[in-house]
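Line by line, the protein sequences are chains A and B. In this text, residue positions in the first sequence follow the working numbering: the first is 1, and each later residue adds one. In this text, residue positions in the second sequence follow the working numbering: the first is 527, and each later residue adds one.
Just so you know, these hints were derived from the structure itself, not from any lab. It is possible that some hints are incorrect.
[To be verified] As a list, the in silico EDC-like pairs of lysine to aspartate or glutamate whose alpha-carbon atoms are at most 20 angstroms apart: (1) B:K662 - A:D260; (2) B:K662 - A:E366; (3) B:K802 - B:E773; (4) B:K668 - B:D658; (5) B:K553 - A:D524; (6) B:K668 - A:E114; (7) B:K668 - A:D51; (8) B:K668 - A:E495; (9) B:K712 - B:E701; (10) B:K668 - A:D524; (11) B:K662 - A:E109.
[To be verified] Have a look at the derived ranges for each label pair, beta carbon to beta carbon: (12) A:I261 - B:V781: 52 to 62 angstroms; (13) A:L43 - B:R605: 38 to 48 angstroms; (14) B:G600 - A:R522: 54 to 64 angstroms; (15) B:L761 - A:T5: 50 to 60 angstroms.
Just so you know, even glycine gets a beta-carbon here, dropped at the ideal spot from N, CA and C.
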Amino acid sequence: MSPFTGTGTLFRFFWRRDRFGLIWWTVGVVMLYWSQAVSVDALYATQAEFDIAATSMQNNAALIAMAGPARVLNTVGGQVAWQASAFGAVVAGLMSMFLIGRHTRAEEESGREELLRSGVVGRYAPLAAAVTVVSSANILLGLCVTASLVGYGLPFAGSGALGVGLTLAGMVFMSVALLAAQLTEGVRAMYGITGAVIGVSYLLRGIGDIGNGVASWLSPIGWGQAMRAYAGEVWWPALIPVVAIGVLVGLALKVLGRRDIGAGLWPPRPGPARAGAGMQGAFGLAWRLQRGALIGWSLGVFLMGIAYGSIGDSVGDLIGDSKTASQMIARAGGDLVDSFYSTTGLMMALIATGFAISSALRLRGEETAGRVEALLATSLPRWRWIASHTLITLLGTVVVVGLGGLGTGAAYAVVSGDGSQLLRLTGATLVHVPAVLVVAALTLVVVALAPRIAIAAWLALVFCLVVMMFGAILQLPGWVIDASPFSHTPLLPSEPMAWAPVLVLSLTAGALALVGFVGLRRRDIN
Amino acid sequence: MRGMGDTRATDDAISIDGLEKSFGTTKALDGLDLRVASGEVHGFMGPNGSGKSTAIRVLLGLLRADAGTVELLGGDPWREAAALHRRLAYVPGDVNLWPNLSGGEVIDLLGRLRGGLNEHRRTSLLERFELDPTKKGRTYSKGNRQKVALVAALSSDAELLILDEPTSGLDPLMEAVFQECIGEVKNEGRTVLLSSHILAEVESLCDRVSIIRAGRTVESGTLADLRHLTRTSVLSETTRNPVGLDEIGGIHDLVVEGSRIHFEVDTASLGAALAKLGEFGIETLTSQPPTLEELFLRHYGDKIDNTNDPEEAQTR
Chain A
1 MSPFTGTGTL FRFFWRRDRF GLIWWTVGVV MLYWSQAVSV DALYATQAEF DIAATSMQNN
61 AALIAMAGPA RVLNTVGGQV AWQASAFGAV VAGLMSMFLI GRHTRAEEES GREELLRSGV
121 VGRYAPLAAA VTVVSSANIL LGLCVTASLV GYGLPFAGSG ALGVGLTLAG MVFMSVALLA
181 AQLTEGVRAM YGITGAVIGV SYLLRGIGDI GNGVASWLSP IGWGQAMRAY AGEVWWPALI
241 PVVAIGVLVG LALKVLGRRD IGAGLWPPRP GPARAGAGMQ GAFGLAWRLQ RGALIGWSLG
301 VFLMGIAYGS IGDSVGDLIG DSKTASQMIA RAGGDLVDSF YSTTGLMMAL IATGFAISSA
361 LRLRGEETAG RVEALLATSL PRWRWIASHT LITLLGTVVV VGLGGLGTGA AYAVVSGDGS
421 QLLRLTGATL VHVPAVLVVA ALTLVVVALA PRIAIAAWLA LVFCLVVMMF GAILQLPGWV
481 IDASPFSHTP LLPSEPMAWA PVLVLSLTAG ALALVGFVGL RRRDIN
Chain B
527 MRGMGDTRAT DDAISIDGLE KSFGTTKALD GLDLRVASGE VHGFMGPNGS GKSTAIRVLL
587 GLLRADAGTV ELLGGDPWRE AAALHRRLAY VPGDVNLWPN LSGGEVIDLL GRLRGGLNEH
647 RRTSLLERFE LDPTKKGRTY SKGNRQKVAL VAALSSDAEL LILDEPTSGL DPLMEAVFQE
707 CIGEVKNEGR TVLLSSHILA EVESLCDRVS IIRAGRTVES GTLADLRHLT RTSVLSETTR
767 NPVGLDEIGG IHDLVVEGSR IHFEVDTASL GAALAKLGEF GIETLTSQPP TLEELFLRHY
827 GDKIDNTNDP EEAQTR
């Protein structure tokens, strides 16, 4: 019996479990690329208009840090590649991470893998089947994106390069997830490691694209963008991810070949025989359960802030040789650096929303894991159980967003030699906290009123991201843009502070939280 | 059934009348009645999926009753959940622990949330159940996870213990320790609701038993009460060949092989049957009292047909 016996059967089984999810991921990613092409075409009446807009975009450091290197932005293809490729790669990475986690470490953690492996199934079969399924999914993604763009009438070579870049980026993150799944005992920690790698990849290419480009070569997302889709394609950078995938999958196989089922790289250490003084009640428990995630998100967003803060000076350089652009911005009455930081602040707040949603979903996670029953059978009132996790979400959101601002402010204060930037930029970022809390409170409402589809709370983040990044380009109607809480927050520091919207957002968050609170107190706990 | 408990309603630790609970279109509880008097160990029996755990979750205020009345320690379990829970301890049927917390931490946490635990008891229980409190939740086996929940519940001074199939993962030695512990709890005058389908356990521990099926109580009473509903199995050898026993009502499965006779007899007819047998000169006599197994079979099995449960009659 080969160590791969059973791979085929498992492949069909995994594929069956994933088929509906894959449809949604694929439709989402194809829409991301295709909608760019459609909307760019609709946006500009003449090529002259397009050229002017392109000039201002390619000098906007915030947009470059967010999207990628600006190339031929006065063509539809150039716009699609610029706007969609980085986010497409992140989405493909997240899809790969969740699929790998679901078929490898989550199965081991739950004990189901034991059941599978007790059959006529080789040691490597589940891993091989998972790799095959996720690779197929990424290839499908790439093919669909290429096909949809060629179908729209964009050049074949560029569309192909975009598709290949997307597939390979997804597969690199798949391999990272696969290796991470061999190292950690729990699937949560594995998501943490992989998510951090995706985040750092995104950040590195942002730094590289604004600066001298070196950092972009360290990023799997940068590798795809280095293929210069629609801008004189270069194909050899595709070799880098291929090598990376080979090395990472090989390493994962090697670790799997040596370890026990259910075990991670580090043997489990004994814990304390007694609960510490910190674990006094519901709040102590909630803190203990969420602190790992909170530390991870805080560190990630803090590093992101430092990265943005340290490139503040390059923002001015970018524009130095373009008189038209500086005139345009001067006319708008804004300061380049300030407008850069209003965008990065918003960006970090949206990332912090990821923490807020996952933290608010923790209540539901505890419930489905069957750990709430024993807790609520003690004299712990239900409201205090809800409040304990909600308080962590609230304070954690302030901390994560605040650290993003602090990182930005501290780094920019050092770079610019202007100490006042520290507090100024920290405050400018913190202004987004109420908007983040609106989404967190909405998550609580979903957990309370529609627990079965609680995971759908993530759609709120997707919605806010789409509105923020593509709202103008897609020419979304005003009411859709207004539905995102982030559309109402004043964009400090380039806009003046406005207290009214911030206050209204805070009250909205409070009201939603109250609805969620009451709903969750009243419903059955399963 | 309903009238029975009225006179001592104030003494009841648990009193449920006509409880109904549906999940979508499935009816989990369909008119359940349950009375547990203070100070008794009450067996709560029924096959898988009969609604035992649902009933317990309603008692704990985790689920809201659709219809019927539920009283727990003299209060409403839904509205006064937290206050009532100070006075009870619970062991879930499926013990799920936090993967990163050690067993000791969980025991302390649950104890603190209940308003304190008995230190002396905690130490002695860890020893008796041979539980290592330093292992993480993720690394415990099913039986050890159950021990964590048992130690947490038993080290409290709660006046009511609600145990949902607490021994399904324990080995026979630990099962014996568990029975000892419940014996001590009983001697202290505390109340136990023990959900189980392990008959020997219920038989040796419980004062009274309620049997539920398809969300409804089908039998309730002391073990002695319930034995009236079953048959004693008699095996005898007589000097003369016995005849005419089949004329006595209440005798079933009669087999006569010369002087050897074997039959089952309804408890009500036991005296008449033995008197008749005496006429032929009894040489040996073995009789087996009805076991809970038989009670069980009567409600769920296919051995005894004269059931008065309409639902069961329909499925035949």
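So, going through the hints one by one against the coordinates:
no.: 1; hint: B:K662 - A:D260; in the structure: 17 angstroms, holds
no.: 2; hint: B:K662 - A:E366; in the structure: 17 angstroms, holds
no.: 3; hint: B:K802 - B:E773; in the structure: 10 angstroms, holds
no.: 4; hint: B:K668 - B:D658; in the structure: 14 angstroms, holds
no.: 5; hint: B:K553 - A:D524; in the structure: 15 angstroms, holds
no.: 6; hint: B:K668 - A:E114; in the structure: 15 angstroms, holds
no.: 7; hint: B:K668 - A:D51; in the structure: 68 angstroms, violated
no.: 8; hint: B:K668 - A:E495; in the structure: 59 angstroms, violated
no.: 9; hint: B:K712 - B:E701; in the structure: 16 angstroms, holds
no.: 10; hint: B:K668 - A:D524; in the structure: 26 angstroms, violated
no.: 11; hint: B:K662 - A:E109; in the structure: 13 angstroms, holds
no.: 12; hint: A:I261 - B:V781: 52 to 62 angstroms; in the structure: 55 angstroms, holds
no.: 13; hint: A:L43 - B:R605: 38 to 48 angstroms; in the structure: 59 angstroms, violated
no.: 14; hint: B:G600 - A:R522: 54 to 64 angstroms; in the structure: 23 angstroms, violated
no.: 15; hint: B:L761 - A:T5: 50 to 60 angstroms; in the structure: 56 angstroms, holds
Taken one by one, the earlier hints fail for this structure at numbers 7, 8, 10, 13, 14, listed in ascending order.
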